[in-house]
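Engineer: Protein chains in written order, with the numbering used here: chain A, 1 to 47; chain B, 1 to 378; chain C, 1 to 439.
It is possible that some hints are incorrect.
Computed beta-carbon distance windows for the label pairs [unchecked claim]:
1. C:414 - A:22: 47 to 53 Å
2. B:237 - C:332: 45 to 51 Å
3. B:46 - A:7: 41 to 47 Å
Facing chain A, according to a computed beta carbon distance under 7 Å, are these residues of chain B, among others [stated by the list, open to error]:
4. 11
5. 15
6. 22
7. 23
8. 30
9. 56
10. 60
11. 155
12. 158
13. 248
14. 250
15. 251
16. 315
These are computed hints drawn from the structure, not numbers from a lab.
The C-beta atom is built at its ideal place from N, Cα and C for all residues, glycine as well.
If you want the building blocks of each chain, they are given just below.
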Amino acid sequence: MTLIYRGIVLFVLALVIRCIFREKDFWKQATGALVVIPLILRVLMLK
Amino acid sequence: MNYQIKGSRVTACILLALSCLVCFVAAKSFTSMWVEERVYPVEEFQQKKLSDYFSGIKGTPADQPVFIQKGEEEGGTVLLLCGTHPNEPASNLTGVLFLENAKVERGRLIVIPTANIMGFSHNGPQEGHPQGYFIELADGSKRRFPYGNRLSNPIYQWPNPDIYIHPSSGQNLSGKEKSNLNRCYPGRPDGSITEKMAYAIVELIRKEKVDLAFDLHEASPEYPVVNAIVAHERSMELAAMVTMEIEAMGIPIRLEPSPKNLHGLSHREWGDFTDTMPILMETGNPSQGRLRGRTNEDLVVTGKDKCYSRAFDLGKLYIPYDGDQPLSLRVARHTNAVMLFMENLEFINEEKGLTVEGIPDFEEIVKKGVGHFLAASN
Amino acid sequence: MGHGWAVKIMEWFWPEGFYTIAMLATFAIGAFSFRLPIAIAMSIAAITGALLSGSGIPLRHLVEGAFGYLDTILIIATAMIFMKTVQKIGLLEAIAAWVIRKFRNVPLLLSLGIMVLIMIPGMITGSSTAAVLTTGALVAPVLIKLGVPAVKTAAVIAMGAIYGMIAPPINIPAMIIGGGIDMPYVGFGLPLLVCTVPLAIFSALLLVYPHFKSRGNDEKALEEELKRMETTRLSFRLFLPIFVLGILMTGERVFPEFWPSLGMPLDFLIASLCGLFSGSSWNPLNAATEAIDDALPVMGILMGVGMFIQVMTLIGVRGFVVVSALALPAWLLYVGIATSMPLFGAVSAFGSASVLGVPFLLALLGRNEIMVGSALSLIAGLGDLMPPTALAGIFAAQVVGEKNYFKVLKHCLIPGAVTALWGIAVILGANYIASMLPY
Numbered sequence: 001m002t003l004i005y006r007g008i009v010l011f012v013l014a015l016v017i018r019c020i021f022r023e024k025d026f027w028k029q030a031t032g033a034l035v036v037i038p039l040i041l042r043v044l045m046l047k
Numbered sequence: 001m002n003y004q005i006k007g008s009r010v011t012a013c014i015l016l017a018l019s020c021l022v023c024f025v026a027a028k029s030f031t032s033m034w035v036e037e038r039v040y041p042v043e044e045f046q047q048k049k050l051s052d053y054f055s056g057i058k059g060t061p062a063d064q065p066v067f068i069q070k071g072e073e074e075g076g077t078v079l080l081l082c083g084t085h086p087n088e089p090a091s092n093l094t095g096v097l098f099l100e101n102a103k104v105e106r107g108r109l110i111v112i113p114t115a116n117i118m119g120f121s122h123n124g125p126q127e128g129h130p131q132g133y134f135i136e137l138a139d140g141s142k143r144r145f146p147y148g149n150r151l152s153n154p155i156y157q158w159p160n161p162d163i164y165i166h167p168s169s170g171q172n173l174s175g176k177e178k179s180n181l182n183r184c185y186p187g188r189p190d191g192s193i194t195e196k197m198a199y200a201i202v203e204l205i206r207k208e209k210v211d212l213a214f215d216l217h218e219a220s221p222e223y224p225v226v227n228a229i230v231a232h233e234r235s236m237e238l239a240a241m242v243t244m245e246i247e248a249m250g251i252p253i254r255l256e257p258s259p260k261n262l263h264g265l266s267h268r269e270w271g272d273f274t275d276t277m278p279i280l281m282e283t284g285n286p287s288q289g290r291l292r293g294r295t296n297e298d299l300v301v302t303g304k305d306k307c308y309s310r311a312f313d314l315g316k317l318y319i320p321y322d323g324d325q326p327l328s329l330r331v332a333r334h335t336n337a338v339m340l341f342m343e344n345l346e347f348i349n350e351e352k353g354l355t356v357e358g359i360p361d362f363e364e365i366v367k368k369g370v371g372h373f374l375a376a377s378n
Numbered sequence: 001m002g003h004g005w006a007v008k009i010m011e012w013f014w015p016e017g018f019y020t021i022a023m024l025a026t027f028a029i030g031a032f033s034f035r036l037p038i039a040i041a042m043s044i045a046a047i048t049g050a051l052l053s054g055s056g057i058p059l060r061h062l063v064e065g066a067f068g069y070l071d072t073i074l075i076i077a078t079a080m081i082f083m084k085t086v087q088k089i090g091l092l093e094a095i096a097a098w099v100i101r102k103f104r105n106v107p108l109l110l111s112l113g114i115m116v117l118i119m120i121p122g123m124i125t126g127s128s129t130a131a132v133l134t135t136g137a138l139v140a141p142v143l144i145k146l147g148v149p150a151v152k153t154a155a156v157i158a159m160g161a162i163y164g165m166i167a168p169p170i171n172i173p174a175m176i177i178g179g180g181i182d183m184p185y186v187g188f189g190l191p192l193l194v195c196t197v198p199l200a201i202f203s204a205l206l207l208v209y210p211h212f213k214s215r216g217n218d219e220k221a222l223e224e225e226l227k228r229m230e231t232t233r234l235s236f237r238l239f240l241p242i243f244v245l246g247i248l249m250t251g252e253r254v255f256p257e258f259w260p261s262l263g264m265p266l267d268f269l270i271a272s273l274c275g276l277f278s279g280s281s282w283n284p285l286n287a288a289t290e291a292i293d294d295a296l297p298v299m300g301i302l303m304g305v306g307m308f309i310q311v312m313t314l315i316g317v318r319g320f321v322v323v324s325a326l327a328l329p330a331w332l333l334y335v336g337i338a339t340s341m342p343l344f345g346a347v348s349a350f351g352s353a354s355v356l357g358v359p360f361l362l363a364l365l366g367r368n369e370i371m372v373g374s375a376l377s378l379i380a381g382l383g384d385l386m387p388p389t390a391l392a393g394i395f396a397a398q399v400v401g402e403k404n405y406f407k408v409l410k411h412c413l414i415p416g417a418v419t420a421l422w423g424i425a426v427i428l429g430a431n432y433i434a435s436m437l438p439y
């Protein structure tokens, strides 16, 4: 189950990054960059 | 004012690089906690592993040291389980104090200092807790101790279900309790890693034929069960004797029976699933409470807090709070009570007595500070 | 005498009260003057608080605080993907059209039916934003077509979304409050219905029903709108995602012994996958990206709130706020609950539940804890109306194209006040109500 959930986190992470690249407003990109942080750390199981 | 800035692929790359940098710095801080606490037991202690009692946790993060000291004379066996909740530091510290001072003359003493070892390697989100704290030793130097979280680290157990159904009773608990060692007893050999660890501890109690088993805790000063002894039916007679002695010393304490319908807790399941006499004890810890003000190492060690002072004046606390609640006082409470329990054990069963020397008494710990009795770290 | 009193107040206030004001002010300036996204304004406010207290920029604490909502953002992200799926395959519109056709001539039932529609996504996901942005967005044009003024439409969507968030099965504030005193999230179903259903009926009758009754709306335009919505026919294949989601979620609750515990994120994703078999043509990757794009502001706000709460705890602001609230005299306690919890919702309803809900529940021990917890979660939910975050309100204004949220808020005042009063009434009568419920 942990692996499946890491997969889900990775999936959401990829979608968030896709959104950041498509976004035309800098501050909304920044919001995305904020969300990315815990997702990266959990995918790597560092926290 | 409008500070709209146009976003582009370049800004996206810059922001993501920044996120990665933040991740790197934060990860360095998080992983710095992934080290086992170092203790310096007196040489009479023999070191074993928890996996010696249940091989299912061998090589997993749940495995941890178990220290056993046997006295010259035959007697009873006592387990001192400390560090069930790593955000309750008086528990772990009492265990360390026994490890580094105890001379067992009669019977056997088993000490587990970091019971939920998987909770010592992280802090709880939104708690603002320090990662560790320093205690001043007799020679004036400082020794560091870890401050962790009540639950097992999610890097070892994640995700938890929405609702945790306690396996042996069917009781429903909030899902995160599946990572709480003191909700998982009697544990399962094929359950989650925390349940396996609970199972290993229960196996230890069975295989070592433990007569009296302590689970040391701390609680928020605003929580009704604090400065308290919680006893299973089997331990009630002994607990009543000890409670009277503690009160005679002028130390306020409550004695509570273990609720029969509250499952997963040590004071219930150790009693129901093994032959031991379980005792759970709580002291008042401002650094884990919800009313606490500024949260830092100082609060952990001194318990000084203006918010708790105010709350005490408002009559919201269940401990006498005179501006502070030092860690040394809390360790002294635990140590004193444990010693009284061991001294009284032979009045319950003559053959099962236990004599431990070398442990400072209540006044000494409060006066000199617990650090005075701990080994220097090298 | 008077002097000593002032000194005491100052001693209590300094420095935590100052930090509180500084953090809130930084947030307000960031969000209003600089028009920064709420998530960013919140993080800057958190950093400001840390700097003022002499803690530097505690990256470890900021990131750790955000982790408090990791599981929640996974639920929101996957729930949004699910809602986008049922929207893209045409299911939402088809159901809405069916409801309007069926009940157009029974305005009372229609008012209530629309209320239920607004609430459903909130009930399933536990997020008021999800409700506003999905069925809320869907019924908005219908309500306006049926003659309800835009600002009132936004108000009813916001209120419905909040009731949906509080109504069972999923109520995150109640889970947060219960978790604080070791109370499992079990047996909340009926108490939460007691908290929400009367209010939902009241709001629907107050805001929508009078306009339906006084017909005179544009029948032709409505008919056209309905025709457009009905392009997808209702069929079993179309219902598959909702059907599967229903089975996955109820299964886990009803047969916990042998049903695998998949968790909500996985439930939502599996149900979304079933949308691929609906027969409609749609692009799943784009739909998912669109979903995340819609959910991103909310996910970001939760990250910001996490950081904010962690810093509040770290520098003592949390204790200051909580003990100040507990210091209210008994008769004022209820006033305190009814005002401080929605006001704190300016940070977030979840934050309010965590920071104030738990101590209030402790202060109210002795009354039926599930009833009190449910009522507190209801009052905390009102926080989603409170600017600047106003997760329910601001999105609802957006949905009807109203730029000035305060015009919407004006129409939320009466239902909001009634909600707070009802919450207090439930707390006062907690034991009585609990004894009346069949268990």
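Engineer: If a hint holds in the structure, say so; if it does not, say that too.
Structural biologist: Going through the hints against the structure:
In this structure the hint that residue 414 of chain C and residue 22 of chain A lie 47 to 53 Å apart at CB is violated, the actual value being about 41 Å. At roughly 47 Å, the beta-carbon separation of residue 237 of chain B and residue 332 of chain C lies within the given 45 to 51 Å, and the hint holds. Against the hinted window of 41 to 47 Å, the Cβ-Cβ separation of residue 46 of chain B and residue 7 of chain A comes to about 45 Å, which satisfies the hint. At a threshold of 7 Å, the smallest CB-CB gap from residue 11 of chain B to chain A is about 5 Å, leaving the interface hint in force.
At about 4 Å, the closest approach between the beta carbon of residue 15 of chain B and any beta carbon in chain A falls short of 7 Å, and the interface hint on this residue holds. A least Cβ separation of about 6 Å between residue 22 of chain B and chain A falls short of the 7 Å threshold, and the interface hint therefore holds. Annotation: interface hint on residue 23 of chain B holds; nearest CB of chain A at approximately 5 Å, less than 7 Å. Using the Cβ-Cβ criterion of 7 Å, the hint placing residue 30 of chain B at the interface with chain A is satisfied: the shortest such distance is roughly 5 Å.
Interface hint at residue 56 of chain B: violated, since its Cβ lies 18 Å from the closest Cβ of chain A, which is beyond the 7 Å cut-off. A distance limit of 7 Å between C-beta atoms decides the matter here; for residue 60 of chain B the minimum to chain A is near 14 Å, and the interface restraint is violated. Because the closest C-beta pair between residue 155 of chain B and chain A is about 5 Å apart, less than 7 Å, the hint holds. The interface hint given for residue 158 of chain B holds, since its Cβ lies 6 Å from the closest Cβ of chain A, which is under the 7 Å cut-off.
Evaluation of the residue 248 of chain B hint against chain A yields a violated restraint, the C-beta minimum of about 48 Å exceeding 7 Å. Hint status for residue 250 of chain B relative to chain A: violated, with the closest Cβ pair at about 45 Å, above 7 Å. With its C-beta approaching chain A no nearer than about 40 Å, residue 251 of chain B sits outside the 7 Å limit, and its interface hint is violated. The criterion of a C-beta within 7 Å of any C-beta in chain A is not met by residue 315 of chain B, whose closest approach is roughly 39 Å, and the hint is violated.
Hint compliance for this structure: hints 1, 9, 10, 13, 14, 15, 16 are broken, all remaining hints hold.
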